[in-house]
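Protein chains in written order, with the working numbering: chain A, 1 to 364; chain B, 1 to 516.
Among the hints, erroneous ones may be present.
To be verified - Examples of chain B residues toward chain A, derived with CB under 8 Å:
#1 GLU29
#2 GLY364
#3 LEU366
Stated by the list, open to error - Just a few of them, taken from the derived set where beta-carbon distance is under 8 Å, the chain B residues facing chain A:
#4 PRO328
#5 ASP330
#6 ARG332
#7 LEU337
#8 PHE355
#9 GLU359
#10 LEU363
#11 ARG370
#12 ARG381
By construction, these hints were calculated from the structure, which means they are not laboratory data. Every residue, glycine too, gets a C-beta built ideally from N, C-alpha and C.
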Amino acid sequence: MLPGWVSLGLIPVLNLLMAFAVAGVVVALIGENPWRALVVMIDGAFVYPGSLGYTLYYTTNFIFTGLAVSVAFHARLFNIGGEGQAALGGLGAALVCLALDPYLPGLMVIPLAIAGAALFGAAWAFLPGLLQATRGSHVVITTIMFNFIAAGLLVTLLTGPLIRPGQSTPQTRDIAPGATLPKIHEIFRALGVDMASSPLNVSIVFALIACVGVWVLVWRTPFGYRLRTLGESEPAARYAGVKVPSMVIITMCVSGALAGLMAINDVLGAHDKLFLNFTAGYGFTGIAVALMGRSHPIGIVLASLLFGALYQGGAELSFEFRSIDRDMVLVIQGLIILFSGALAYMLEAPLTRLFARQRRPAHG
Amino acid sequence: MREPAVALRGITKVFGAVRANDAVDLDVEEGTIHGIIGENGAGKSTLVSILSGHYRADAGDIVLFGETVKMASSADAIGHGIGMVHQHFMLVPNFTVLENLMLGLAKAPLLAASREDVRRRLAELTAAYDGLDVPADAVVEDLPVGLQQRVEIIKALIGGGRILILDEPTGVLTPDETDQMFQSLLELKRQGVTIILITHKLREIMAITDNVSVMRLGKMVAHRKTAETTREELAELMVGRTVEPVRNEAAAGAGEVVMAARGISLRDGAGTLRLDDVSLELRAGEIVGIAGVAGNGQSELLAVLAGLATPERGSVEIGGRVVTAAAPTDPREMRALGVAHVPEDRRREGLVLPFEMSENAVLGYLGQARGSRPWLLRRSRMVGRCGELMQRFDVRPPNPALPASGFSGGNQQKLVIAREHGARPRVMLVGQPTRGVDIGAIEFIHRQLLDLRDAGCAILLVSVELDEILALSDRIVAMNAGRIVGEVEGRGADRRVVGLMMAGVRDAAAGAAVAS
Chain A
1 MLPGWVSLGL IPVLNLLMAF AVAGVVVALI GENPWRALVV MIDGAFVYPG SLGYTLYYTT
61 NFIFTGLAVS VAFHARLFNI GGEGQAALGG LGAALVCLAL DPYLPGLMVI PLAIAGAALF
121 GAAWAFLPGL LQATRGSHVV ITTIMFNFIA AGLLVTLLTG PLIRPGQSTP QTRDIAPGAT
181 LPKIHEIFRA LGVDMASSPL NVSIVFALIA CVGVWVLVWR TPFGYRLRTL GESEPAARYA
241 GVKVPSMVII TMCVSGALAG LMAINDVLGA HDKLFLNFTA GYGFTGIAVA LMGRSHPIGI
301 VLASLLFGAL YQGGAELSFE FRSIDRDMVL VIQGLIILFS GALAYMLEAP LTRLFARQRR
361 PAHG
Chain B
1 MREPAVALRG ITKVFGAVRA NDAVDLDVEE GTIHGIIGEN GAGKSTLVSI LSGHYRADAG
61 DIVLFGETVK MASSADAIGH GIGMVHQHFM LVPNFTVLEN LMLGLAKAPL LAASREDVRR
121 RLAELTAAYD GLDVPADAVV EDLPVGLQQR VEIIKALIGG GRILILDEPT GVLTPDETDQ
181 MFQSLLELKR QGVTIILITH KLREIMAITD NVSVMRLGKM VAHRKTAETT REELAELMVG
241 RTVEPVRNEA AAGAGEVVMA ARGISLRDGA GTLRLDDVSL ELRAGEIVGI AGVAGNGQSE
301 LLAVLAGLAT PERGSVEIGG RVVTAAAPTD PREMRALGVA HVPEDRRREG LVLPFEMSEN
361 AVLGYLGQAR GSRPWLLRRS RMVGRCGELM QRFDVRPPNP ALPASGFSGG NQQKLVIARE
421 HGARPRVMLV GQPTRGVDIG AIEFIHRQLL DLRDAGCAIL LVSVELDEIL ALSDRIVAMN
481 AGRIVGEVEG RGADRRVVGL MMAGVRDAAA GAAVAS
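Could you build the full structure based on these sequences and the hints that come with them?
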């Protein structure tokens, strides 16, 4: 057993450093100065005007999708379908807004739209959950397939019934201004503080509330207790009287609802409309976020911040360097996912040995 | 004097804060059966794992036939002629005997050549040792457990093993199969094989070993010649104090029937009949012991009575509720009806090992963790409840915040029993209450079960330890192949008669009655 500060603090930092080291080698190999690239990335993520807003805007997406993956993971379910559930969440939010914003005041439309996002996301996770619970079809497979179905569905709708009349871009009409979430820079400007504009909006507050909600749900409610029992030992859950099939379905729905909520950041907050491919892989990155954050809300916030900074700083890299293009940035992000996510436990065994060796003399 | 076959010198192994082996010395003479006895967690398994190359010792030497050897891996151990038979068989169930033996032996690039080679070596081996005959082409999962174990022994010897280690080998055998295995071991000993037998059963030590070493808390506390010691002395050495086994002596004042199974049958996923027309009545203030070798339907019986499985035919009646295939139940309802359940596998079912003890103390009884706001768990209630249970059942360390995985088997089991006991059940289903539990805790647990019975609870006791069944039961029911074979009075029950019934001999009780 490793002390808490090692497994929760040291190992993620070491993983990150290894990822940056390998990424640095890659950058050096294509003939750029890795150190300068790092400085550009940090500046691009936190220092340039508006960059922090962008970073936090991406962070918001990752918090939602990371939470979605983690809730399912506590029940040992791998929800790989965050992408599709978020897409459907966007559809749900957009449908509510498009249908109601001419008739109802914005303050009434927004809560309904948020509920719509959660509901549609949950519904998209319900079927894989149901298939898992009743037919044993593995959710990994079904949720991936549902991602494709979701993508197809959105193409059909956005190029057909939902497309804004008179244009060829696959997106809906703009949502009425009163029915969208205010941007943070607008709020600050209204308060007299000048701030560079960015897509960051009050969704981030909802994301943080969701973190607290997930923490309470998983660790402080009878439902969360059953969910974790199921995750740790299905025989123990059955012994305790947990109805395993309905638990699987409900857990998938909660997970899907969180993924669906990601859509409010784009559809209600940043862009005020539904457009094609707004999910942009955030659903998949949520898996890495949950892994790196050890499925704990605090860890997920920190990991989301890291990935948000990578997205934003990475975009800056491709502006600054001729030879680093968007694909190169993906390589760097991929390395970080590889080291912090897929290889997250690589250092555990050697460090355990190291600490065991250090402690032995103390016993004699 | 001849060099000992195995000599361990100052073997030390530390896991975290636990000294599993603390400067252990052991001499095993060639061609003898050497017993190592000790409670659970005394370090027996760690010691033989080091000898068989599974763990590496932190300090100490392993000397085989006078030669100090390095034991870095299982391959080293096999190379030095050490073969290990594990408590849980390490066989591929859907391979044939021959295919299982080929694992690790197949050297040729094509299997056909290896198969003939291994077949030849198997023939040589069975010719050399009496009592090691096995059907080479039978699929392992179709063989009776006793034969599967024989395959394990052959696997340990076929690579040229001269030292055989058996870790708790009799847990899965009927008394009859145990006798057969002991015959094989004696034959191997006559042929010069050195045998180390790990067990916690004094009966086996006295029956078959030449020498015995006793371990306690990671230390080797005594070496004895078996002929010069007694069960009482060994028990005392194991526990470190005098032990008085608990016996059910007071006559049971069996009351009314509180739970009844009538003609229940159950099939498993593969369609095999696991319970075949089982009828059983549990009365208030009575302990009914189910004697049977593991896998003869006892687990399924527990599952049905606990509401974990629905019988295909027949019914279960409790408190006016009749459970049938048409009216199934679940564990939650059964708990509400007053059925508590101490499951056979406490590590997988009875506890969630990574959970804190306070969380485990309400497993299945979440109602106890709810406060005025039923959608939230009240930590203070859980911790308080757990502290109470820990104190009443002497669970050590009494710290509700530690994860269950940090407790010894005995203390884990005490918490499970405390939890079920605390629900004030009318019926208590108990599966393997003392499996992997140290003697001190066994005493305690047995006494609690008797107290619970005296308080009017109906107890169904399922155990593969025949001694436990004999010591505690008011009535003994023997099961074989999913059927109830017979029933005898608990007090003064004849071990041999019960053993015969466990093997499926239907009129064993009657036959014995006639004979006596």
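Status of each hint after checking the structure:
1. This hint is violated: GLU29 (chain B) has a C-beta 32 Å from the nearest C-beta of chain A, more than the 8 Å allowed.
2. Satisfaction of the interface hint for GLY364 (chain B) is found here, the shortest Cβ-Cβ separation to chain A being roughly 4 Å, below the 8 Å cut-off.
3. Satisfaction of the interface hint for LEU366 (chain B) is found here, the shortest Cβ-Cβ separation to chain A being roughly 5 Å, below the 8 Å cut-off.
4. The interface hint given for PRO328 (chain B) is violated, since its Cβ lies 12 Å from the closest Cβ of chain A, which is over the 8 Å cut-off.
5. The criterion of a C-beta within 8 Å of any C-beta in chain A is met by ASP330 (chain B), whose closest approach is roughly 6 Å, and the hint holds.
6. The restraint placing ARG332 (chain B) at the interface with chain A holds, with a minimum CB-CB distance near 3 Å, inside the 8 Å limit.
7. Here the hint on LEU337 (chain B) is broken, as its CB sits about 12 Å from the closest CB of chain A, past 8 Å.
8. The beta carbon of PHE355 (chain B) is positioned within 8 Å of a beta carbon in chain A (closest approach about 7 Å), and the interface hint is therefore held.
9. With a least beta-carbon distance of about 7 Å to chain A, the hint placing GLU359 (chain B) at the interface is held under the 8 Å criterion.
10. At about 5 Å, the closest approach between the beta carbon of LEU363 (chain B) and any beta carbon in chain A falls short of 8 Å, and the interface hint on this residue holds.
11. Residue-level restraint check for ARG370 (chain B) holds (minimum Cβ-Cβ distance to chain A is 7 Å; threshold 8 Å).
12. Annotation: ARG381 (chain B) was flagged as interfacial toward chain A, and the flag is violated, the nearest CB pair being 12 Å apart, outside 8 Å.
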